[in-house]
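*Asks:* Could you put together the complete structure from these sequences and hints?
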Amino acid sequence: FFGFTHCPDICPTTLSDLAELKQQLQGTEADETVVAMLSVDPARDTPERLSQYVPYFHPDFLGVTGAFESILSVTQRLNAPFRKVTANDGSYQMEHSANVALMNPRGDYHGFFRAPLDIPKMRVTLRSAQYLWDH
Numbered sequence: 004f005f006g007f008t009h010c011p012d013i014c015p016t017t018l019s020d021l022a023e024l025k026q027q028l029q030g031t032e033a034d035e036t037v038v039a040m041l042s043v044d045p046a047r048d049t050p051e052r053l054s055q056y057v058p059y060f061h062p063d064f065l066g067v068t069g070a071f072e073s074i075l076s077v078t079q080r081l082n083a084p085f086r087k088v089t090a091n092d093g094s095y096q097m098e099h100s101a102n103v104a105l106m107n108p109r110g111d112y113h114g115f116f117r118a119p120l121d122i123p124k125m126r127v128t129l130r131s132a133q134y135l136w137d138h
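By the working numbering, the letter at position 75 of the sequence shown is numbered 78, and the numbering carries on one by one without gaps.
Source of the hints: derived by calculation from the structure; they are not laboratory data.
Being a predicted model, the structure only gives us computed values, none of them experimental.
We put the CB at the ideal spot given by N, CA and C, even for glycine.
Honestly, I wouldn't trust all of these hints.
What the hints assert, rightly or not - Derived DEER-like restraints, expressed as beta-carbon distance ranges: (1) 50 x 135: 32 to 42 Å; (2) 58 x 86: 26 to 36 Å; (3) 134 x 91: 46 to 56 Å; (4) 138 x 26: 41 to 51 Å; (5) 114 x 16: 12 to 22 Å; (6) 94 x 130: 15 to 25 Å; (7) 96 x 69: 26 to 36 Å; (8) 108 x 69: 12 to 22 Å; (9) 121 x 63: 19 to 29 Å.
*Replies:* This is how it looks when you write it as structure tokens:
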């Protein structure tokens, strides 16, 4: 999932939905499902800021940041565009995709879940994907 900690709506909603999904998973299904938010705002989202924000939604969630060029490379490969939008007062927000990427444990991209997230469908898709990855 791509987002940022100053996001007023998409990110808190998505992280809340993903927390609901994570809470519904059981056993190895829960253990093998990793939720990470890659920040599209590395200027403000330091590792410390992410470590305070992301686990608020679920203690197992990870917040990831890096160099802008690296983030841009990942988002371009996954077709998850974002851009900085500056207001007249100099403040800014990040416009970004609300889609959630589905990746296997090796980091291979397998598709995405489109917003608004449908938790029951996500569970079925995750279960099917994990079965395929294991066999």
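*Asks:* With reference to the structure, classify each hint as holding or not holding.
*Replies:* Verification of the hints:
1. For the pair residue 50 and residue 135, the beta carbons lie near 33 Å from each other, so the given range of 32 to 42 Å is met.
2. At roughly 27 Å, the beta-carbon separation of residue 58 and residue 86 lies within the given 26 to 36 Å, and the hint holds.
3. At about 52 Å, the beta-carbon gap between residue 134 and residue 91 stays in the expected band of 46 to 56 Å.
4. The given range of 41 to 51 Å is broken by residue 138 and residue 26, whose C-beta atoms sit roughly 26 Å from each other.
5. A beta carbon spacing of about 21 Å between residue 114 and residue 16 agrees with the range 12 to 22 Å that was offered as a hint.
6. Between residue 94 and residue 130 the CB atoms are about 42 Å apart, so this pair departs from the stated range of 15 to 25 Å.
7. Range check, residue 96 to residue 69: Cβ separation about 20 Å, and the 26 to 36 Å hint is violated.
8. At about 20 Å, the CB distance of residue 108 to residue 69 agrees with the hint of 12 to 22 Å.
9. In this structure the supplied range 19 to 29 Å holds for residue 121 paired with residue 63, their Cβ-Cβ distance being about 21 Å.
Going down the numbered hints, you'll see the structure goes against 4, 6 and 7, while the others check out.
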